[in-house]
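If you're matching them up, the sequences are chains S and L in order. Under the working numbering, the first residue of the first sequence is numbered 1, with each subsequent residue one higher. Under the working numbering, the first residue of the second sequence is numbered 1, with each subsequent residue one higher.
Rather than coming from a laboratory, the hints here were simulated on the basis of the structure. Virtual Cβ for every residue (Gly too), placed ideally from N, Cα, C. Heads up, a few of these hints could be off.
Pairs of lysine-lysine residues, derived as DSS-like cross-links and limited to a Cα-Cα distance of at most 30 Å, are as follows [claimed, not checked]:
no.	chain 1	residue 1	chain 2	residue 2
1	S	K53	S	K94
2	S	K76	S	K27
3	L	K84	S	K53
4	S	K130	S	K94
5	S	K130	S	K59
6	S	K27	L	K84
Negatives, chain S to chain L, calculated, CB over 10 Å [said to hold, decoys possible]:
no.	residue
7	A20
8	D47
9	N48
10	V81
11	E87
12	N88
13	G117
14	Q143
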Amino acid sequence: MNRTAIDLWVGIFVTIGLAALVFLALKVGNLASLATVPSYRLEARFDNIGGLKLRAPVKAAGVVVGRVDRIRLDPKTYEAVVALRIENGYQFTKDSIASILTSGLLGEVYIGLDAGGDSVMLADGATIAKTQSAVVLEKLIGQFLFDKAGSGGSK
Amino acid sequence: MPAEAIVNGLRRVGAGAISAVTRLGFAARFFAVVLIHSPAALKRTQLTLREIYFAGVLSLVIIMVSGLFVGMVLGLQGYDSLNKYGAGDSLGIFVGLSLVRELGPVVAGLLFASRAGSAITAEIGLMKTTEQLAAMEMMAVDPLARIVAPRFWGGVISMPLLAALFSVMGVFGAYLVGVRLIGLDSGAFWGNMRAAIDFWPDVTNGIIKSVVFGVAVSLIAVFEGYDAKPTAEGVSTATTRTVVEASLAILALDFILTVFMFRGIGG
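Could you put together the complete structure from these sequences and hints?
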């Protein structure tokens, strides 16, 4: 095995190895989806975020327009402050409503943005005023059982 | 005398422990010395290229074929289990995540340790046995820079590429089984996979793992070869030790790295 043949084979090996890495990044993972898109930041305050996780999608009319960037608790008001990264191409009106939703019964938790009719758009760093917290299934069932028991007792 | 037997037993345990710790210390010193000699070795790229050829290029076939079969089996087994819950369409997520996060780096590392690590140990061990290393020193050629460092770096460079290839072949194998054989929708297969697997942290963590495994396997291989007893039996023992120690190191490191990497997930 002479020198040029070894160089050629190592060259081929490194090329297909790097091609495999690129394939993993672009085709298997979703590197291209957000990293290259310029984005701006919005904040929303919720009483309860339920099972919302970092990097959960932000959807408007079912289309992914951004991701959850940061979640923290406001120590004064005990509200969850969720920072959203929205792609620059999408602007939302000042009276938009952010709600925490679940796709399907066992699906992922995401934030739904419903645009309103205001003519002023939310700027970078603005806070979404109207929010709707997550529906916690246990509370809902508890409420339901409580109502049932109440209506049964009054009969 | 039973007392003497107990004392002898304790003595043997103590001697074993001391020699194990001494070897560990020697290995750490050896690692540092290899790193110090690396710039000189890497300046002569031809040496490292030759080792990438032997460690990487010649491992291509076994890595790619294994990846393909592992992927096909994952496809069949995964579909069988997922379909019970009506989640057959999530096959892409299951296969992609297990390959990128775990199986790619770990199985490729185990195969690499057996295929390339053992060869490196046997080669260096035999050089030592036939006194080629001593002869080099006599000619003022540093065997660490001429022999050990290129083999170390050849392994370190080859390993991440092989792991990535393994993962890609596995995904392709699962695609063959899931989409071509079982008849899942190809859009759902790729779409769900891309939606669930992030470049950061999933793919990057896999790459970090494969680099760490590459360093561990290559270091163990060159160290065992360099440390081998200069006899036929010594070389064979050293080769066995390389495969055993490298495999155990990969599995233990994998656990430690996984604890660090995925603790935050879901939080």
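Status of the hints after comparison with the structure:
Restraint check for K53/S and K94/S: the C-alpha separation of about 25 Å stays at or below 30 Å, so the hint holds. Restraint check: the Cα-Cα separation between K76/S and K27/S comes to about 44 Å, which exceeds 30 Å; the hinted pair is violated. Annotation: proposed proximity of K84/L to K53/S holds, straight-line Cα distance about 27 Å (limit 30 Å). A C-alpha spacing of about 9 Å is found between K130/S and K94/S, which places the hinted pair at or below 30 Å, so the restraint holds.
This hinted pair checks out: K130/S and K59/S have alpha carbons roughly 16 Å apart, not beyond 30 Å. Among the hinted pairs, K27/S with K84/L is consistent with the structure: their alpha-carbon atoms are about 27 Å apart, no more than 30 Å. A cut-off of 10 Å between C-beta atoms contradicts the statement that A20/S is not in contact with chain L; the least separation is 4 Å. Non-interface status of D47/S relative to chain L is upheld: no Cβ of that chain comes within 10 Å, the nearest being about 20 Å off.
The Cβ of N48/S lies farther than 10 Å from every Cβ of chain L, with a closest approach of about 17 Å, so its non-interface assignment holds. For V81/S, the condition that its CB be more than 10 Å from all CB atoms of chain L holds, with the nearest at approximately 16 Å. The non-interface label for E87/S is consistent with chain L: the shortest C-beta to C-beta separation is roughly 16 Å, beyond 10 Å. At roughly 21 Å, the least C-beta separation between N88/S and chain L is larger than 10 Å, which holds for a residue marked as non-interface.
The claim that G117/S is not at the interface with chain L holds, since no C-beta of that chain comes within 10 Å of its own (minimum 32 Å). For Q143/S, the condition that its CB be more than 10 Å from all CB atoms of chain L holds, with the nearest at approximately 28 Å.
In the structure shown, a violation is registered for the earlier hints numbered 2, 7, in ascending order.
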